[in-house]
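Quick note: the sequence shown uses the numbering used here, first residue 1, plus one each step.
Read the hints as simulated data drawn from the structure, not as lab findings. Just so you know, not all the hints are guaranteed correct.
[What the hints assert, rightly or not] Below, a list of computed lysine-lysine pairs in the DSS-like style, where the Cα atoms sit at most 25 Å apart:
1) Lys-591 / Lys-827
2) Lys-49 / Lys-136
3) Lys-822 / Lys-800
4) Lys-86 / Lys-404
5) Lys-473 / Lys-61
6) Lys-1126 / Lys-1180
7) Lys-718 / Lys-591
8) Lys-973 / Lys-999
9) Lys-1021 / Lys-999
10) Lys-888 / Lys-959
11) Lys-1126 / Lys-888
12) Lys-137 / Lys-102
13) Lys-10 / Lys-102
[Claimed, not checked] Just the calculated beta-carbon pair ranges, DEER-fashion:
14) Thr-916 / Lys-999: 26 to 34 Å
15) Trp-962 / Pro-1072: 24 to 32 Å
16) His-286 / Arg-818: 54 to 62 Å
17) Pro-566 / Arg-463: 33 to 41 Å
18) Thr-916 / Asp-466: 55 to 63 Å
19) Gln-1080 / Gly-483: 41 to 49 Å
Where a beta carbon is used, it is the ideal one built from N, C-alpha and C, also for glycine.
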Amino acid sequence: MPVDRITQVKDLHLTTAFCWDGRPRAVLAIPDNDVHRALAAEINARVRKCGGGDLPVFVNKTPEELLPRGNVIALGNLADNLFIEKLYFRWLCFTDRWYPGKGGYEVRSIHNPLGTGTNVILLGGSDTAGEAAAVKKFCSLLEPIPAGAALSIGWLLDVRLGENLKPPADKNQAPPLLRLFVDGLEMPLGYNEASRLGLMYYYSGEPRYARAFIDAARRTHLMAQADHYHAHHNALVWDLIEESPLFTDDDRLFVANEILEHALGGESGGGMKALAGGPNAMFDRHAGFIGLSALTDIRYLARDYPRPEWQPILSAVDSYFQPRLGSYASGSDLARGTYTYLEALLVYSLLTGNDKIVTSGALRAWADRCAAMCDPMGLLVPSGQYDEMSYPYFTFRKAAFLLKDPGLLYLAEMRRRAGESQDVYELGMEFEQGQAFAGDIDPRPPNNMTGVRVVPLDDRERREFDPRMPPEKAFAKITFRSGFDADGQFLVLDGIWGGPAGKPIQDANAILQYSEGGRTFLVDVDPETQNRRSSYVNHNVLSVTRDGQAPVPPRLASLESAADLPSIGFAHTRLDPYMDGSWDRHILWRKGRYFLVADSFRAGRDGVFALESQWRLLGRAALSEGGFSSTSGGPGTAEPFERTIVFKFAADARNGGPRSSWPVRSSQIDISSDSVRRQYARDADPVINRLRPTAVLKLKEGDRTGIAALFFVTSKSKPRSHSIAAAGHGAFLIAGDEPAWLSMGGEEGRFERGPLTAEAGVVWATKSVVAGQGLARLELDGQVLLRSDIPVDAEWDLVKGECVLSLDRPAVVEVASRGVLKLGRGKQQLSGLPVISEAAARRLSRIFDQDVLTPGQIVDEPIRPALSAPAAAAVKEPWPEAAVQALKIIGAGENAQVLVGCEDGRIIRSDRRGRTKWEFQTNGPVHVAEITSLPSGGQVVLAGSDDEFLYALDFETGKKLWAHRAEVYPETKIYPWWTLDGQAKVRSVLAADFNGDGKTEIALGTGGMQVEMVDSGGMLKWRQSVRYGLPVRLLALRSSSGGPPALLAGLDFLSSQAGLFRFGRDGALETPDAFPSGRQGWDYTGISALAVLDKNPERPLLAVARSGAFNEVEFYDISSGRSLGKTGTGDTVSGIVWSDAGKDPPAVAATGAGWVMALRPDGRVVWSVPLPDAVVRLWKTDDETVAAWCRSGDYFILDASGRVRARGRASWAAAMVATSIN
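Whenever a hint applies, use it, and build me the whole structure from the sequences.
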C-alpha cells in the first residue's frame, strides 16, 4: 500500500549526561541492600573524581517515576531491582538471573525508552560478581572533565557472557533458554530471520550479527512483510539496537520505513478489522498477534515518528485485549493452542503494564490448564494441534515469576527430560522466547496438581459452546497424576471439544493420554487424518452410530462427580445428548496399580446401534483372551527393558438389555512421517494400534449397555496381574493381585457384599479398605461406621482403624467411636477408629474368592446375517507380490483387461487372472490410474506417481508417450503442512474435453496443493492453487445447458475445509465452494467421495460424501446447486455409488463404522446393514448389487434391498476383479 515515507532519522539521544557544572543530571536506581549501596558509592566516588557531584540514589522506583526527572543509571537485574523489572516487562532489557550469566555482565545504554528524552545506563549482572564487574567497567569509561563541562557518555554496549551460557559441544542439545541464541537451530514463532539476527546482536554484542541483521532485513524485507505470526518482535528488536554505530542513517531510515509499511499493512495496524466482534467475542490468536504486531510497531513509531493515525490503532488494540485479561477462556482448546493464546495475552499485559491478568486470578487458571497438558516426560500431550517441539516452557517461566510459584518453574524445567529421554531438544512452538524471566525462586514440584485434579472451564467458553450446561458441571480437563517424577502415572481426560470454529477437534470426554514408568502407552495422536479431519472416532472414546447415522456430538462433557482419596481417585462424566442417547464415563484410578474405565450408553430411541470402544496404543500390540496388550521397549528399540500395558474388558448390560462379547476390531496407523513420532521413538515403533472392542445391538429406548476396560502396566521388575468380570448393575469384580469389588450407581446407590453395606454413588472395597464417593452411610457387620447428612467422599482402613474424609462443603458426620462431628470443607483424617473383627474379615475375604470368568463369544444379532451369508467362490490373488493402490477394469468376461498401480511404483496391465501383458516402472507409489482416448488415436493409460510425474503410456504396449512433472509452486510451498512432504505427488487424474475444443485435456490433483491442467501432449495449460488441502477428488460436471463440463476439485487428506472448487474452461476459479456444506470457512473436513446420477437428464443429482470432523452424505440438484438432504454418518464415508435399481434409485454409502446403507436424496435411510468391521472400499458389481470390502479382509455382496447375498475373503483388488468381471 502507498506509504508516506519517513525521510529524516529521529533524534537518537546518543549522549547520556550525568553531571553538568558539577551538579547531578542523573540518578542511580539500585536494589535495596548494602551490597548495591556499596556499588552505588563506588560509582559516585568515580563521578566525583571525574569532576561531578554525587548522584542521588533511589530504591524501588519505576522508570515512570525517575526518567521524567533525568537520566538513570540502573544497577542489578530483574530479580532485585524494580526499575529494571519494569524495563524488562516492556522488552527494553533482558537482564535477569540467567542473562548475562554467571559472573557475566553487561554495560549498555538504553536511549529515550519512554519518550522523555532521557536515557538509561544499564549496569547488569546475573549475580553480585557480574554486577560488580559491570560497575568496574563503567567506572573505567568515565573520564575527568574540565570545570563547567558535562560529565557524559555516548552509546554503550559491552557484554561479557557467563561460562554457563556457552553452547554445548553438540549445539543440537542446547538447553531451552539458550536455543534462540545459537546459530542454526530452529526458528521459533514470533521471529523471522532478520529479527532473530538483531536479537542475537543484542544478546552477544558481536558486530557480525549486526551486519547480518541489516543484510537480512534488506534482502528479505521481513521487517515490512512478515506475517503476524512472525512479526511482533520486529520493532521490539530494532528498538534495542537501533542506536548502534554499526548502523548508518541510511540503514535506520530503511528499517524505520519497513516498520512503517508493516504497521499500515493488514498483518498489523491495517488489519484492525480482525479485532472486531466486541468484548464478548472469543479471543482469537490470529487477531491477537495482529493486534500485538500493531502494538509493537506503532508503540515504536508513535514515540519517534508521531502521526495522528497511531492513537486510534492503539486504542483499538486496547479495546480488544483489555476486556479479555480477566478471563481464561481459550479460543482454542487444542494442545498448543491453550498456551499460545495465553502467550498473546501475557505479551500485551507486560508491554502495557496492565496486570489484570495476574490480579484477577486468570493467569493462575490459565497456568493450571497448561499444566494439565504436560506429561511427566516433559512433553506436551498431543491433542488437536501439536508436534514434538510444542511445550509451554517460556509461558511457565513467565507465569512462575509473576505468580512467585516454584511449581510452575518446575513444570517449565521438566521440558529438559524430553531431551534426556527421547532426544527431543527443539522448542519452536512458542511466540515469546528470549527473556528467561529468571528470578530468585527455585523449581519445586507443584503441591496442588497431584491426585485427581479438575481444571475449570471459563464461563465465557461455557456460554459460547453450550449455554445449557450448568456452570458447576463444566470443566476443561481432569488429570489423574501420581506425581511429577518421570515414572509417575498420568492420565488426562478432556472436557471440551475445542479449537476455534475452523478447527473442530471432537474429543470431549476422550482420554488424551496415559503414561506410566517413563513410557506413554495411550495417545490421542491422529496422523491418519493429520488432525485436519478429526472426528470422535479418532479419539479414545465410546463412538456410537444408530442405523448407520449419528448427529454431531456436543461440545462439552458434564462433570457429575469426582473424588480424590488416598487409595483411589474417581471421576464420572457425561455427554447428553450423545448419538441418539447419552454416554456416561466412569474412571476409577487405583493409585499405583490400575485404571478402570467403565462406559455406559443409554439409547434415546429404538434402533440398531454400533458401539466402538476406541483405544489408540503405542507399542507392539497383541490380542488376548478377554482383551489385548501392547509392549514398549525391548528388541528393536533404544530402551532395553520391556513394559506392557494390559487391557481386560467386561461387558455391562443393564436393565435386561441385549449382551455382546465385544469382539475387537483392529488396525494400525503409520506415523513414520509425523514428527511427533520422536516423542516415543526410543521405546515404540512409529505405529499406532487402533483397537476397538465393538458391539452391534438392537436397543429400545431407555436400554443401557456398556463396557468396562481395566488396564495396568506390568514388567519383569514390577509384575502386576489383574482381571475383571461384570456382576450386573454397574458392578464389577476385580481379581488378581488385589481382589476388589467396584459398584457404580447400583440399585438406588446401595452396595451389599458380605458384612459390608454402603449407600454411595461409587464403592470400591478390598479385604482391608473401603472407599466411597458420594457416601451417605457405611456399615460393617451391622455397625454404622459412618453416616453423613450430605454425601461425602471417604476412605476407611478396616485394619488400621483410620478414615480420610473429603468434603466439598461443611457437613455433619456421625463416626463410630467419635460421635457426631461438625466438619468443615476440605480433607479430614481420623484415627483410632473401629477395626474389622476376625470373623467379619473371614466373611469379607470369602466374597473375593471368586474366579473371574471370560464370557463365551456371543454373535451380535444384527451382524448375524452378514456372518452367515453363503460363501462366495474362492478368489485367487492376481498379484500376490504387489501392494495394489489403484485399479481400473475394462471390459467383461474373459476379454476383460485390468490396469493396476502398485506401492512399489509399477503400473501393470494384465488380464482378469493376473497374467501380465506389460509393466512400467515409476519412481514412487502409483495411487491413480485411468484410461482415456487421445486425439492421436488409441487408448492411453494415465498414471499418477508419487515421484511427481503424470505418465501417459500406450495402452497396448506400455510404452511411455510422455511424462509431465508436477510442481510445488511458491504460493503453496510456504504451507508445507498442507502438502505431501513438500512434494507434488500426483494423487488424482481426470481426462475430458474441458474447454469444448474437441480435444482431450487432463486434470491432475497434486500433493503440492495444486490443480494442474495439461493438454493431450502433457504440456501445462493452466494451474490453480487450492487452499487448504489436497485436490484428490476430481469430477467432470456436465452442464444441463450443454457445452463442456466444469471441473470440480474436492479437497481431502490434509484438508482444512470441505470445499468443492469449480473451474471454468480457461482455468478460472468460478467458486471455491460449489455445493456448499453450510459451514463457513474451515471445518477440518474433506471430500471423501463424489457420485453423479444423471439417469434423469433434466434433474441430475450429485452425492457428496464428507469425512472428518463432520461425517455426512449430502445430495444436491446439480442444475440449481440446491441441497436436497443430508445424512450424518458419525464416521468416515469410505465410498458412495448410485444404484441402478428401479426408477428412483437410492445412493449406497459405506462407512468406517461398518455400515452399508441406502439413502434417498432427501437424506432418508432406506435400509442399513451392519458389517463386522470398517468398510474401506465400496463398488458396484452390477446394476443391482454392490460389494463392500472390510478392513478385516472380508468382503460382502449386497443386493438392492440390503440383503447380504454372499461373503468372501480376499484382498480388495482381488475381490473387485472377482466381483466386477462377469
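Check your understanding: Checked against the structure, which of the hints given earlier come out wrong?
Key -> Violated: hints 5, 8, 11, 13.
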